[in-house]
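Undergrad: My request is simple: use the sequences and hints to build the entire structure.
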Amino acid sequence: MQFTLILSFLLLMSASTPTPAQQPLARSRRLGWTAWFYGAAGLLLTGLALFSAGDGSAR
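Per my numbering, the sequence shown starts with residue 133, numbered consecutively.
Since the hints were derived computationally from the structure, they do not count as laboratory data.
Possibly wrong hints are sitting among the right ones.
Using C-beta positions, here's what the derived DEER-type ranges look like [to be verified]:
(1) Leu139 x Phe169: 29 to 37 angstroms
(2) Leu143 x Leu175: 15 to 23 angstroms
(3) Ala167 x Ile138: 13 to 21 angstroms
(4) Leu142 x Trp168: 16 to 24 angstroms
(5) Gly186 x Thr166: 27 to 35 angstroms
(6) Gly171 x Gln134: 16 to 24 angstroms
(7) Leu139 x Gly171: 17 to 25 angstroms
(8) Ser184 x Leu143: 15 to 23 angstroms
(9) Thr136 x Tyr170: 14 to 22 angstroms
(10) Thr166 x Ile138: 14 to 22 angstroms
(11) Leu143 x Ala167: 24 to 32 angstroms
(12) Ala172 x Leu139: 16 to 24 angstroms
(13) Leu142 x Ala185: 17 to 25 angstroms
Glycine is no exception: its CB is placed at the ideal position from the N, C-alpha and C atoms.
TA: Here it is as structure tokens:
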């Protein structure tokens, strides 16, 4: 289960990275909220994966 979450997160992160043509504009404007969004999403997915793994082993 957590492997699927990590894989989908990596796919989302690789799909939303800007192309080299868009890079300067995207870097100046989107870097702030992108870093916050990925940090929060990474923490959420890690917590969810650990919770589901712990929940499955507890049963």
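Undergrad: Starting from the hint list further up, note which numbers the structure goes against and sort them upward.
TA: Of the numbered hints, 1 and 11 do not hold.
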